[in-house]
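Trainee: Next come the chains, spelled out residue by residue.
Protein chains: 2
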Amino acid sequence: MSAAKPPRTVEEHRAVVAALLPPTGVEVVPLAEARGRVLAEPVTAAISLPPFDNSAMDGYAVRAADVAGATADSPVTLPVAADIPAGRTDVPPLEPGTAARIMTGAPVPAGADAIVQVELTDGGTERVAISAAPAAGTHVRTVGEDVFEGTAVLDAGTVLGAAQIGVAAAVGRATLPVRRRPHVLVLSTGSELVAPGEPLAPGQIYESNGAMLAAAVRDAGGTADQLRFVPDDVEQFRKVLAERIVAGVDLVVTSGGVSAGAYEVVKDALTGHGVEFVKVGMQPGGPQGAGVVEFGEVSCPVVTLPGNPVSSQVSFEVFVRPVLRRAMGHPYPDRPVVTARSREALRSPAGRTQFRRGTLDARDGTVGEVGSPASHMLAALARADCLFVVPAEATGVHPGDELEVWLLDSAL
Amino acid sequence: MSAAKPPRTVEEHRAVVAALLPPTGVEVVPLAEARGRVLAEPVTAAISLPPFDNSAMDGYAVRAADVAGATADSPVTLPVAADIPAGRTDVPPLEPGTAARIMTGAPVPAGADAIVQVELTDGGTERVAISAAPAAGTHVRTVGEDVFEGTAVLDAGTVLGAAQIGVAAAVGRATLPVRRRPHVLVLSTGSELVAPGEPLAPGQIYESNGAMLAAAVRDAGGTADQLRFVPDDVEQFRKVLAERIVAGVDLVVTSGGVSAGAYEVVKDALTGHGVEFVKVGMQPGGPQGAGVVEFGEVSCPVVTLPGNPVSSQVSFEVFVRPVLRRAMGHPYPDRPVVTARSREALRSPAGRTQFRRGTLDARDGTVGEVGSPASHMLAALARADCLFVVPAEATGVHPGDELEVWLLDSAL
Chain A
1 MSAAKPPRTV EEHRAVVAAL LPPTGVEVVP LAEARGRVLA EPVTAAISLP
51 PFDNSAMDGY AVRAADVAGA TADSPVTLPV AADIPAGRTD VPPLEPGTAA
101 RIMTGAPVPA GADAIVQVEL TDGGTERVAI SAAPAAGTHV RTVGEDVFEG
151 TAVLDAGTVL GAAQIGVAAA VGRATLPVRR RPHVLVLSTG SELVAPGEPL
201 APGQIYESNG AMLAAAVRDA GGTADQLRFV PDDVEQFRKV LAERIVAGVD
251 LVVTSGGVSA GAYEVVKDAL TGHGVEFVKV GMQPGGPQGA GVVEFGEVSC
301 PVVTLPGNPV SSQVSFEVFV RPVLRRAMGH PYPDRPVVTA RSREALRSPA
351 GRTQFRRGTL DARDGTVGEV GSPASHMLAA LARADCLFVV PAEATGVHPG
401 DELEVWLLDS AL
Chain B
1 MSAAKPPRTV EEHRAVVAAL LPPTGVEVVP LAEARGRVLA EPVTAAISLP
51 PFDNSAMDGY AVRAADVAGA TADSPVTLPV AADIPAGRTD VPPLEPGTAA
101 RIMTGAPVPA GADAIVQVEL TDGGTERVAI SAAPAAGTHV RTVGEDVFEG
151 TAVLDAGTVL GAAQIGVAAA VGRATLPVRR RPHVLVLSTG SELVAPGEPL
201 APGQIYESNG AMLAAAVRDA GGTADQLRFV PDDVEQFRKV LAERIVAGVD
251 LVVTSGGVSA GAYEVVKDAL TGHGVEFVKV GMQPGGPQGA GVVEFGEVSC
301 PVVTLPGNPV SSQVSFEVFV RPVLRRAMGH PYPDRPVVTA RSREALRSPA
351 GRTQFRRGTL DARDGTVGEV GSPASHMLAA LARADCLFVV PAEATGVHPG
401 DELEVWLLDS AL
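These protein sequences, in sequence, are chains A and B. Taking UniProt numbering, the leading residue of the first sequence gets 1, the next gets one more, and so forth. Taking UniProt numbering, the leading residue of the second sequence gets 1, the next gets one more, and so forth.
Looking at chain A on its own, in the form it has when it is part of the complex (with noise of 0.2 Å):
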């Protein structure tokens, strides 16, 4: 055998994944379909907020210096010359001497400074018996207060969420220009697969990378076609992609077919035609491929993961979701990662960063292992709510050891 090249690093990996993904093109969408995507462009108010001078009580509008000695004891009365609801849009000016009625949320008129709540009045409608002298600016909200027309609300890059949406909507836009969900092919090959639902024969098992990655894209913000999984055949398996291979496909994720077997037929597909498949030197996940595929005309992105679900799973996380997100703008396209110290004594093979599941605890700052390092162990990585990472050089961990920790369940 001829001496293997040295495994690619993690960081050399995700490097070559996140230069196959530019970002997404921007589109423009209604704000109710906004929530969870990336703005593209900042929003600059075209109107300020609020738009005019307006009551931040229920009351009566007045000239401070009309009402200045009004006191429980000896109130001033006025003239009520106006009534004012929410909404009106021909406010007379308020003349001296007089009040007008005003609701919260309606224009001040001009000439009046200040609003008296209605709890410190008799409530009259056509004159008004006034027990306080408020400050000029009492219960008034100036226009701008909150937004100056031409300034920015939010700025490129913002994840919109329901208070984002609503500040867009309060300086009037209808529509958002964000960046487009990357659309994502997820296809699973292996002849022991049988689809969920089905009977299984012996030396079969079910295809669970297919739901599961398809899950993962979209749990990423991105959008998903499941493939059904193909069988190990190499004229089929490129025969489904270049017919699936067309405008809008962002990125394939296979999975399964890339390792040292005799029967690996991602690999033997893909091999020579733009992919390139390594070792990277992780746990689980060693076997990676990955470029831009290329059938005649066609051409597309595609990411290569191994086929057992936890190595598929995991190198998801690390290689395919970051780039998703930055691929639509996100700010922090990476899982949010937490310093804890290890709850136990692990061994760890030497030149290999491994991603083992675990459980946080916050509180102490501890982090466990779910389960084991092995690859198989899928229902311990449905009961972890995070990744630690045991550096490539370690070939141990102590109890107390301090450890990276990617927190998985943001998205819950």
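Keep in mind that the hints were calculated from the coordinates and are not lab data. Here a beta-carbon is modelled for each residue, glycine too, at the ideal position from N, C-alpha and C. You can take every hint at face value.
Stretch-level coverage of chain A by chain B, calculated; a stretch enters the list once three of its residues show a Cβ under 8 Å from a Cβ in chain B:
id	stretch
1	26-40
2	97-104
3	203-213
With a cut-off of at most 20 Å between alpha-carbon atoms, the simulated SDA-like pairs for lysine to any residue come out as follows:
id	chain 1	residue 1	chain 2	residue 2
4	A	Lys279	B	Leu120
5	B	Lys279	A	Val118
6	A	Lys5	B	Gln117
7	A	Lys279	A	Ala392
8	A	Lys279	B	Gln117
9	A	Lys267	B	Glu119
10	B	Lys279	B	Arg8
11	A	Lys279	B	Glu119
12	A	Lys5	B	Glu119
13	B	Lys5	A	Val118
14	B	Lys279	B	Pro391
15	B	Lys5	A	Leu120
Ranges of calculated distance between the beta carbons of each label pair, as one might list FRET restraints:
id	chain 1	residue 1	chain 2	residue 2	range
16	B	Ala247	A	Thr71	52 to 62 Å
17	A	Thr359	B	Asp409	19 to 29 Å
18	A	Glu404	B	Asp155	27 to 37 Å
19	B	Gly97	A	Phe295	46 to 56 Å
20	B	Asp155	A	Val337	24 to 34 Å
21	B	Pro391	A	Ala195	51 to 61 Å
22	B	Thr175	A	Pro30	27 to 37 Å
23	A	Thr175	B	Glu344	36 to 46 Å
24	A	Glu404	B	Gly97	42 to 52 Å
25	B	Ser372	A	Val298	48 to 58 Å
Once you have looked at the hints, place chain B on chain A.
Mentor: Chain B alone, transformed into the frame defined by chain A:
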């Protein structure tokens, strides 16, 4: 005026709103639609994982005793009696003194008790020279190592992410029983409101609560129909509500029209029709209402939020979001809560629990205010990443005081 009733506490009104919404019903969904849903029943494994002893490596299945003396200098050569790719369903037993070529994931033949990885052999297909002596069990993944048939792999109440969907598929489940997403009608009121994108007359403002609350409902896991805001007309409001409250609507959330003014359409339309309007000792968001509205045969829970955008969104966070999440089975319906020290001195009205908009610095454990406590500061809400709570009994906060902080961005 009559003596005002003491205001309801935040906790009291939370309990009133919580009592309105029972758990939603259970529906069975395909795996592709299960992400983010909450499992209504445990998932019990119908098969073990792995379902059969299988190889963890590409290599050769052997009887360990047959290769006990093998070394690199003195390999043991065995005839290759079978070729076992993954998915082979008719694997013959391994006769003593023979080896079987085997791929990762393929069934270990009866009689074999160890796998020699291909790198420790000459890779022969007729005969194979084996240069290492594996212990019994080496590289064999035994049946049930991950999951035993009949055990629960996912508990009721599990929030379904990619890994949980993966393990459900692996034990053969094509569908999962989950709680239905609560469906919410969102309805804004106010004659001053204009749809974003339309021209604005003096005295009018853009309607922002509808899009904001609909996004907040979806963030919470529900589905939302945003009704066009209706003018301040009691009859028209009742008509719209009666038409739209149909089977499948779990909750109506209104905003506006609930305070002490002269034109309070929601209050006027629903008082005496099952909805109680109260003052809650909180800021923002004092005027609140909740109840079950009835129109003839039809009834539906209603929560009426105040109309100021910040009051509306904060009230949703405090009262509605946890109730929607609990209804769909979430084990942790509330926002994640942490404690942080105030970065500044703040004044606070006695008798009102304040929910102020802030930014958390998780590294130094401090929180600071964004904007002001005023309920029209929507742009500040859009820049906040948390709400922090100033208790009802406090009249101020000193720098360094510990505050309860609700983290807002967990869904992003």
